[in-house]
Amino acid sequence: DTGVSQNPRHKITKRGQNVTFRCDPISEHNRLYWYRQTLGQGPEFLTYFQNEAQLEKSRLLSDRFSAERPKGSFSTLEIQRTEQGDSAMYLCASSPKIRVSNEQFFGPGTRLTVL
Amino acid sequence: QKEVEQDPGPLSVPEGAIVSLNCTYSNSAFQYFMWYRQYSRKGPELLMYTYSSGNKEDGRFTAQVDKSSKYISLFIRDSQPSDSATYLCAMSFSGDMRFGAGTRLTVKP
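Order-wise, the sequence lines are chains S and C. Note that this note's numbering has the first sequence beginning at 1, numbered continuously upward. Note that this note's numbering has the second sequence beginning at 1001, numbered continuously upward.
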């Protein structure tokens, strides 16, 4: 399977705990994006990497959220001191740099439930 | 006002019907327009992509962009029960992308 993969697929945690999600983009895709999606809404942009550089962060991304992409390959998204409002689907997408259209290919998502 | 407006539906049609899905937007800088299909509890899947104004056809799907009206459409011909999903419009001009809320479509056999 050469698509975008995300792990874990589901995560249930208690309020106040830290969680970390992983995304493996399509091989050779330079760009990697994180989105958050709540029920009945479209994905909301969180942050974006080109290779290992984090180029843009949304105002939605509070200090409790941090993302990394070491060596420009996989990426991790960590949420510290989780709150119930963090419950959502976290989506990762990747895009090849050569396509100016910014077509993005999404993974299956990680569904987070904060109790 | 949201940058991208999309009627969430739900929309229910009989099998074989022509489906019309639409989005409006406010940012004239958007140049790239996409439609994604999302099945329940799955990630969005890219269906169609168009650049600037015009039409693009792919099988039973046709995407239209009218930049002068800031209006985009997706038409599905001969709709099938397997088309039942949420359809998201998306648009971009640089690194990030803005999505509509999605229209939930049900095609009844």
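Quick caveat, the hints were computed from the structure, so don't treat them as lab data. We put the CB at the ideal spot given by N, CA and C, even for glycine. Please note: incorrect hints may appear among the correct ones.
To be verified - With a Cα cut of at most 27 Å, we get these calculated DSSO-like pairs of lysine-lysine:
1) K57(S) - K1056(C)
2) K1108(C) - K57(S)
3) K1002(C) - K1108(C)
4) K14(S) - K1042(C)
Said to hold, decoys possible - Label pairs and their computed distance ranges (CB to CB):
5) E83(S) - P1109(C): 37 to 45 Å
6) F74(S) - K1002(C): 31 to 39 Å
7) G1016(C) - Q17(S): 31 to 39 Å
8) T1106(C) - G3(S): 25 to 33 Å
9) E1003(C) - F74(S): 28 to 36 Å
10) G3(S) - S1040(C): 15 to 23 Å
11) S62(S) - Y1071(C): 33 to 41 Å
12) K1108(C) - Q84(S): 35 to 43 Å
What the hints assert, rightly or not - Reference excerpt, derived from the structure (chain S facing chain C, CB under 10 Å, subset only):
13) F74
14) C92
15) L112
Right, here's what the structure says about each hint:
| no. | hint | result |
| --- | --- | --- |
| 1 | K57(S) - K1056(C) | 32 Å, violated |
| 2 | K1108(C) - K57(S) | 41 Å, violated |
| 3 | K1002(C) - K1108(C) | 31 Å, violated |
| 4 | K14(S) - K1042(C) | 24 Å, holds |
| 5 | E83(S) - P1109(C): 37 to 45 Å | 43 Å, holds |
| 6 | F74(S) - K1002(C): 31 to 39 Å | 32 Å, holds |
| 7 | G1016(C) - Q17(S): 31 to 39 Å | 50 Å, violated |
| 8 | T1106(C) - G3(S): 25 to 33 Å | 26 Å, holds |
| 9 | E1003(C) - F74(S): 28 to 36 Å | 30 Å, holds |
| 10 | G3(S) - S1040(C): 15 to 23 Å | 18 Å, holds |
| 11 | S62(S) - Y1071(C): 33 to 41 Å | 34 Å, holds |
| 12 | K1108(C) - Q84(S): 35 to 43 Å | 36 Å, holds |
| 13 | F74 | 16 Å, violated |
| 14 | C92 | 8 Å, holds |
| 15 | L112 | 13 Å, violated |
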